[in-house]
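Required output: the full structure, derived from the provided sequences and hints.
Quick note on the UniProt record's numbering: the sequence shown kicks off at 1 and runs consecutively.
Fair warning: there could be bad hints in the mix.
Said to hold, decoys possible - Here are the simulated BS3-like cross-link-like pairs (lysine-lysine), alpha carbons at most 25 Å apart as the crow flies:
no., residue 1, residue 2
1, K129, K214
2, K15, K87
3, K87, K60
4, K136, K32
5, K15, K43
6, K15, K130
7, K60, K130
8, K87, K30
9, K60, K30
10, K136, K214
11, K15, K77
12, K77, K32
13, K30, K136
14, K60, K43
15, K61, K30
16, K43, K61
17, K87, K129
18, K43, K129
Note that these hints are calculated values from the structure, not bench results.
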Amino acid sequence: MSIGQIWVVAGPDDKVNTMEAGWRVDYDQKSKLFVYWTSDGYKSTGCHNLECPGFVQTNKKVALGSPIGDISSYNAKQINIGITIYKNNGNWWLEVNDQPVGYWPSSLFTYLANSATELMWGGEIYNSKKGGVHTKTQMGSGHFPNEGYGKASYFRNIQYVDSMGISNDVEAEDLAPDATNPSCYNINLESDISGGSGTNFYFGGPGYSDMCQK
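What follows is the structure, encoded as structure tokens:
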């Protein structure tokens, strides 16, 4: 499993409330749009997509969990997916490419009932360490961020929506880049490098290699 997503978070780690949205690639090698939520630190509440009561889908033209149509190609055409999560009329709404998809009712949450305390953007993989070695699962495009545009995966125009419903740019100095194992997957934070991209970063990597053994 390999994921690129947004986290909207509040609460302590053991009781964390989170809403998540992005794209994931599973064993079938297809990129899929997904949503997720939990209100108790990933213990017993929450699920992906519509697998349990929680996220309320209002736009039936978007198929959560189904393959995304156009995707980026290495050193060729790049496809952007715009994802926005914001509070409106008491609930947390999700937009994809400026189209409302549905909402998480605020009643699902305790710490997120009012506002978020942390926002995160980035990637994750599942590493089973089969045979004691690191997984070959790729993150992003499977290429390191130093390869740049057209080759490495990226987030661009990183923003947050304030209590007035206004979108604000996130300044690069307000972010805390973190890579758990930079020999396997890394991150490169930039700001306005490519013009019109706002605060942005490249991320990802190939997984198992001569530099990434465990």
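- Query: So which of those numbered hints doesn't the model satisfy?
  - Reply: Failing hints, ascending: 6, 7, 8, 11, 14, 16, 17.
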